[in-house]
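Numbering follows my numbering, with no gaps: position 234 of the first sequence is 273.
Please note that a few of the clues may not be correct.
[Said to hold, decoys possible] The following label-pair restraints were derived from C-beta to C-beta distances:
#1 Glu251 x Asp395: 23 to 29 Å
#2 Asp395 x Asp563: 53 to 59 Å
#3 Pro245 x Glu414: 35 to 41 Å
#4 Glu251 x Phe132: 21 to 27 Å
These are calculated hints, taken from the structure and not from any lab test. On a predicted model such as this, the values are computed, not experimentally measured, just so you know. Note that the Cβ used here is the ideal one computed from N, Cα and C, for glycine as well.
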Amino acid sequence: MVRIDGKVRRRPEGTLNPDLPTGEVEVYIDEIEVLGPAAELPMPVFGDQEYPEEIRLKYRFLDLRREKLHANIMLRGRVIDSIRARMKASGFFEFQTPILTASSPEGARDFLVPSRIHPGKFYALPQAPQQFKQLLMVAGFDRYFQIAPCFRDEDARADRSPGEFYQLDLEMSFVTQADVFDAVEPVIRGVFEEFADGKAVTPKFPLIPYAEAMAKYGSDKPDLRNPVIMQDVSEAFRGSGFKIFARILETAGNAVWAIPAKSGGNRAFCDRMNSWAQGEGQPGLGYIFWREGEEGGAGPLAKNIGPERTKMIADQLGLGVGDAVFFVAGKPKDFVKFAGLARTKVGEELGLIAKDRFEFCWIVDFPMFEWNEEEKKIDFSHNPFSMPNLSVEEFLALDANDHDKLLAIKAIQYDIVCNGVELSSGAIRNHRPEVMKKAFAIAGYPEETLEEKFGGMLHALSLGAPPHGGIAPGIDRIVMLLAGEENLREVVLFPMNQRAEDLLMGAPSEVTAKQLRELHIRLDLPKK
RNA sequence: GGGGGCGUAGCUCAGUUGGUUAGAGCGCUGCCCUGUCACGGCAGAGGCCGCGGGUUCGAGUCCCGUCGCUCCCGCCA
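Using the sequences and the hints given, assemble the complete structure.
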């Protein structure tokens, strides 16, 4: 680190360098001083050379000197500024909620903080300010937001930081789902338009019911940049010469879905997809493709089902010479995830994905309950505090044994999805204690359990709660998309590694015996 | 907790069918050059081939185990 005093001058003719931002000037040095000597760096700080995460994280302060990461972090700051300004301009007010709070029994694993004053008792770091923001609504603050830190002791993913992350947490009183959308969508769209760097942003986020998303895209977080849309083609295979599928279709509820692959009409591609599927643990991936001179369709399936049925499939999917189609068969619930992967794979392999876009949608109408096959009972399928999409009277009148009817109930719950990334989820909250009691009863929890675990919340709701709802877009994921990064660590200042270790600060770390004594804690470590 | 990939110089990587002394580029050190700007030239240092065990006359290479990093599943609003 040096200090240089001197005069900035124009470079002499012939030494100008238009490739450099400073290529027209130079400094004539009068004096130079070393302010902080530097040893050899463990990693160079220029260029886009890739380095192992371990070194990058251990020397994060060097990594942050690099242009890309520096720009990402600066972008993050500007995005947060923009979000905050947009929220305030929409009449939201920013609040701070506690970091040391109580452990909550549902959801993710808590980070616990032992209490010195109360031996044997623990605080927990909030998984989200969920209960506080609902209490704010009860308290009469009708438009809350916060750039809120959230703490969850769960395993990491590339798009999920271990330990902690940030949400744009917001909540509103006296609102419907549509009111929340009208408040949030302009903020998210505005921020993306502001920082999209020329990429197109969905002008009006379409609403896609959960069931439709699963049927068309095989995912509740579809990447709409991928034009591939799946269809049910069971009728083309029912009773056909392709016995494997014909037999599967004899079981009620089973189906055959088609994944169309425009421009994939060659054997090399179809074989590659088939081996990919086998690598994914599937028996294989049936296909038909069409090429010049074989308009009746090529591949083993086409031969088995004959030209008429093959044409039926081509017509239904709008496919022709040069195209291919893949099939998955069985119980949709079991194969839908793989079908979604195959759809993504087709899009990627054939270069069908429009990379220069931010494609948004709302996923709505999530099922309220789901069937737990192992325990043979009804479970909450997502958040137990969402309002069911029924009138209070209808919901209270439900028969807890009418499984078909219960499983068809939707919750007023919604996600924002962008380019296949789940950006946020929210809900209209269940603000009626009697509805909550009924919902928990359906899921098999006695009233005492509800009372014991959520008594405070329940009590608050019983003292005059407005209908309210909100959402919580993930800040890190927003910045990740805007920065064009695949990994959250590229948009976080001091991230932990996948094992939730901070290699720079050395966290987590052992503490002294004295500290433990003060906290009345004795360690009982696993034997190794 | 489970599965996949990776692990060779400070960094990025190569390393044949198992064969003698493990290489390259960048970086680093010294010297030379001095209108260069990813300068150039000469010379040089730097290796527990992640670790442990096994097979073999011989292992960076094959096998088993283990550790680390990473991606995914489980988990997670």
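Query raised in the report: Hint by hint, which ones does this structure get wrong, listed from lowest number up?
Result: Number 4 - this is the single hint that the structure violates.
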